[in-house]
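Chains A and B supply the protein sequences, listed in that same order. First residue of the first sequence? That's 1 in this note's numbering, and the numbers climb one at a time after it. First residue of the second sequence? That's 1 in this note's numbering, and the numbers climb one at a time after it.
Any given hint might turn out to be false.
Each pair may be met inside one copy or between any two copies, as identical chains are not told apart.
Unchecked claim - Distance condition first, Cα-Cα at most 30 Å in a straight line; then the derived DSS-like pairs of lysine-lysine: (1) Lys64 - Lys78; (2) Lys118 - Lys138; (3) Lys85 - Lys42; (4) Lys259 - Lys298; (5) Lys205 - Lys298; (6) Lys78 - Lys249; (7) Lys74 - Lys139; (8) Lys205 - Lys259; (9) Lys205 - Lys275; (10) Lys192 - Lys298.
Keep in mind that the hints were calculated from the coordinates and are not lab data.
Spelled out from the first residue to the last, the chains are:
There are 2 protein chains.
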Amino acid sequence: MSLLTVGSVAFDAIETPFGKTDKIIGGAATYITLTSTYFTDKSNIIAVVGGDFPMAKIEFLQQKGVNTAGLQIKENEKSFFWSGKYHNDMNSRDTLVTELNVLGDFDPIVPEEYQDCKYLMLGNLAPTVQSKLIQRLKKRPELIVMDTMNFWMDTMWDELLHTISLVDVLSINDEEARQLTGEYSLVRAARKIRTMGPKTVIIKKGEHGALLFGEHEMFYAPALPLEDVFDPTGAGDTFAGGFISYLAKTDDPTFENMKKAIIYGSAMASFCVEKFGTERLENLSPEEINLRVSMFLKLVSVGGNMEL
Amino acid sequence: MSLLTVGSVAFDAIETPFGKTDKIIGGAATYITLTSTYFTDKSNIIAVVGGDFPMAKIEFLQQKGVNTAGLQIKENEKSFFWSGKYHNDMNSRDTLVTELNVLGDFDPIVPEEYQDCKYLMLGNLAPTVQSKLIQRLKKRPELIVMDTMNFWMDTMWDELLHTISLVDVLSINDEEARQLTGEYSLVRAARKIRTMGPKTVIIKKGEHGALLFGEHEMFYAPALPLEDVFDPTGAGDTFAGGFISYLAKTDDPTFENMKKAIIYGSAMASFCVEKFGTERLENLSPEEINLRVSMFLKLVSVGGNMEL
């Protein structure tokens, strides 16, 4: 089923203990749509870039099957740019540069051909832009998944809560869930978020995996312990991308199927961190993905009787 | 099969955001043997207490089936005492008081009737005492599991490495595994520990679960996300106790069975944290334990085809 993603398409410059990049392409919508191409051939993007953005990268997305009709190019402006440096433990980072550029007054225009989208992914972006997009869809998508981050809690609290109230699934990391709810226990935090609107809550715990909460159900997808995390940039976006794309592919947004979707999200994120930026996500095979998913399943599987 | 545990039997005074205790009983061997009573009726303890330790608590262990022939009582000395205060997040704590008392010159004497023990649990204790115990067993147990902590890395590095070289399974938390090996990646850390002696490594990640590493295998047991963690004291000991006791019960120390054992360890630890000290571990039923284990299994189970 058709998937629509809104989010940033941008330049990143990344420094990790393993090396340093010049400006490479990044942005939530880049990671999400790139990931989606392994699941669906009906992936649509709404984003904005400046005239400095390389056409070859847009054409690459098109070749992978992404419909870029909603990707605005502002010829005389510059693309969003983020630069960051990861600490030795790879779990924390400093932001060195944030230049909003075209994102500053981004107006998400919905091409007519996108109006029938059934699955909507709101990549990390100003909650005002996210809610505007929902408003502009004539028919509410069957499932709206929203990713966000602490930055919006610090700067647009009311707008963030309003957008959260409109979505079906909120994807957020553990520290952000605590900040959003004032609850330390993730079980309590998820329950509180469910009173804010979303019927399903995903709490991302980085190297410790992710939790999925429904009304009475809870599911834990581990992360695959890795020898090296080369570059964590985009891992959360890739995770969200794998999650919603698997739901769109199977057209089944039940809790049972979301469990599988969260494993696909985790598997795709585990590829993402193996190389700088989007590199590892650019040429995967279905066999590689299936093999990785089977590693995730094996990681937690026990056989035989477990009664005392 | 018979299980022998060596470790502290002590007094704790605990303060958490939920309340405060006077001196209550604690100590690694207390948590481990109490846990073991749900799995085996051949549980033996080697420990030392002072004349201040309440006989009723020793009798309680005996009633639960623990053989206390190896529990020395030094009438004119005082029991080991630890006092700590947990921070609001329950993940970190300050040690307020540590009085070694009888533990200071603890000489672990092995009663003749313990000599046939097949499973040996070295609870957290000075590595010199742990290795002395191994030496005093005429026949090496089939499986030796060792728990330790950062304190011994800071104070008895060489002795710690020697003891580690003698055991089959090392149980250690994630930060300690990093400190012991200088490797941030837990995959690399476990591999390095395996070159130090233990063929199997358990890395405890607290609220994030535990990892089990064999030669080519890896297993992830999640922790059960809880609404409240009332008191984490003893959770690691209880985990180790559930792990080795399940192996002793089933008399099967293969990697496949260790996967199940680690789930039992996690389940027992999840009870431990629900009340202060050992309280929650004192009166469990097999039905409660089976139900808890089934919750752990359900937490990670997905059904049906997962191929793309």
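### Task
Evaluate Lys118 and Lys138 at a C-alpha cut-off of 30 Å and name the case that applies: within, between, both or neither.
within (12 Å within a copy, 70 Å between copies)
### Task
Since the copies are identical, ignore which copy is meant and state whether Lys205 and Lys259 lie within 30 Å (CA to CA) inside a copy, between copies, both or neither.
both (16 Å within a copy, 23 Å between copies)
### Task
With 30 Å as the alpha-carbon cut-off, assign the pair Lys78 and Lys249 to within, between, both or neither.
neither (34 Å within a copy, 67 Å between copies)
### Query
When no copy is specified for Lys205 and Lys298, does a C-alpha distance of 30 Å or less occur within a copy, between copies, both, or neither?
This pair counts as both: shortest intra-copy Cα distance 20 Å, inter-copy 19 Å.
### Task
State whether the alpha carbon distance between Lys85 and Lys42 is at most 30 Å within one copy, between copies, both, or neither.
neither (35 Å within a copy, 55 Å between copies)
### Task
Using 30 Å as the alpha carbon limit, work out where Lys192 and Lys298 are close: within a copy, between copies, both or neither.
Cα proximity of Lys192 and Lys298: across copies only (23 Å, versus 33 Å in one copy).
### Task
First find the shortest C-alpha distance between Lys205 and Lys275 inside one copy, then the shortest across copies, and answer within, between, both or neither for a cut-off of 30 Å.
both (20 Å within a copy, 26 Å between copies)
### Query
At most 30 Å between C-alpha atoms: does Lys74 with Lys139 qualify within a copy, between copies, both, or neither?
within (28 Å within a copy, 78 Å between copies)
### Task
State whether the alpha carbon distance between Lys64 and Lys78 is at most 30 Å within one copy, between copies, both, or neither.
within (25 Å within a copy, 73 Å between copies)
### Task
Can you give me the call for Lys259 and Lys298, within, between, both or neither, at a CA distance of at most 30 Å?
both (15 Å within a copy, 11 Å between copies)
When the structure is compared with the earlier hints, violations turn up for hints 3, 6 and for no others.
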